[in-house]
Amino acid sequence: DQQVKQNSPSLSVQEGRISILNCDYTNSMFDYFLWYKKYPAEGPTFLISISSIKDKNEDGRFTVFLNKSAKHLSLHIVPSQPGDSAVYFCAASAKTGANNLFFGTGTRLTVIP
Amino acid sequence: GAVVSQHPSWVICKSGTSVKIECRSLDFQATTMFWYRQFPKQSLMLMATSNEGSKATYEQGVEKDKFLINHASLTLSTLTVTSAHPEDSSFYICSARPGTGLSPLHFGNGTRLTVT
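So the protein sequences, as listed, match chains A and B.
The first sequence finishes on residue 113 if you use the numbering used here, and the numbering steps up by one all the way, no holes.
The second sequence finishes on residue 229 if you use the numbering used here, and the numbering steps up by one all the way, no holes.
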């Protein structure tokens, strides 16, 4: 049973525009959420996280929004750059620092120059 | 930043043979490392938690006798897939957490295992 879902397998965005990647989860016990970025033949790289006590966390061009009532989070990248092209994974855990991260299946972002 | 190195990056083996995958934390000590697996078009799934100096903890449905984990030092964990079969073909990836329990997991580059 997939507890973390990324329903869009791919997304294409023009350079300079906003990229919005979405993630839904089913387990109401999740209270810590992360986004990882993955290039081919490399492991996932941590990008940004948010705990359930917040509804927004921003780091440079990256902002993560959390809607607990909808069990939905999103990652906004603005402005998008060609180097952002990668697969983005959403992950969740039942507590901050927990070892068992539940991952989504990923969204492949392509930023078109 | 924290670096987790994994070797080999890919391996092809014949059915029935065993394959060892190494995971090293290069610039930090890790008393605990984590092994994940990803099948095609599926998400990363935690297989087991490797504990330095003690037995690994396996997730439900993961055979401990098939996936042998050894964590002999604070910087090295190994996963051995014993008597591999084609259904074991997958992407295996290790991770570790530097510093406190609040820091995110850092992942190795993964190992693509193909069993023929």
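By construction, these hints were calculated from the structure, which means they are not laboratory data.
Incorrect hints may appear among the rest.
Calculated lysine-lysine pairs in the DSS-like style (CA-CA distance at most 27 Å, straight line) [to be verified]:
#: 1; chain 1: B; residue 1: Lys154; chain 2: A; residue 2: Lys71
#: 2; chain 1: A; residue 1: Lys5; chain 2: B; residue 2: Lys154
#: 3; chain 1: A; residue 1: Lys5; chain 2: A; residue 2: Lys71
#: 4; chain 1: A; residue 1: Lys71; chain 2: A; residue 2: Lys56
#: 5; chain 1: B; residue 1: Lys168; chain 2: B; residue 2: Lys133
#: 6; chain 1: A; residue 1: Lys56; chain 2: A; residue 2: Lys5
Status of the hints after comparison with the structure:
Between B/Lys154 and A/Lys71 the alpha-carbon distance is near 23 Å, which keeps this suggested pair within the 27 Å criterion. Distance hint between A/Lys5 and B/Lys154 is fulfilled; the C-alpha atoms sit about 12 Å from each other, no more than 27 Å. At roughly 11 Å between alpha-carbon atoms, A/Lys5 and A/Lys71 fall within 27 Å of each other, so this suggested pair holds. The hinted pair formed by A/Lys71 and A/Lys56 meets the criterion: a straight-line CA distance of about 14 Å does not exceed 27 Å.
Proposed proximity of B/Lys168 and B/Lys133 is supported: the alpha carbons are some 17 Å apart, at most 27 Å. Using a Cα cut-off of 27 Å, the hinted pair A/Lys56 and A/Lys5 holds, with the two alpha carbons roughly 20 Å apart.
In the structure shown, no violation is registered for any of the earlier numbered hints.
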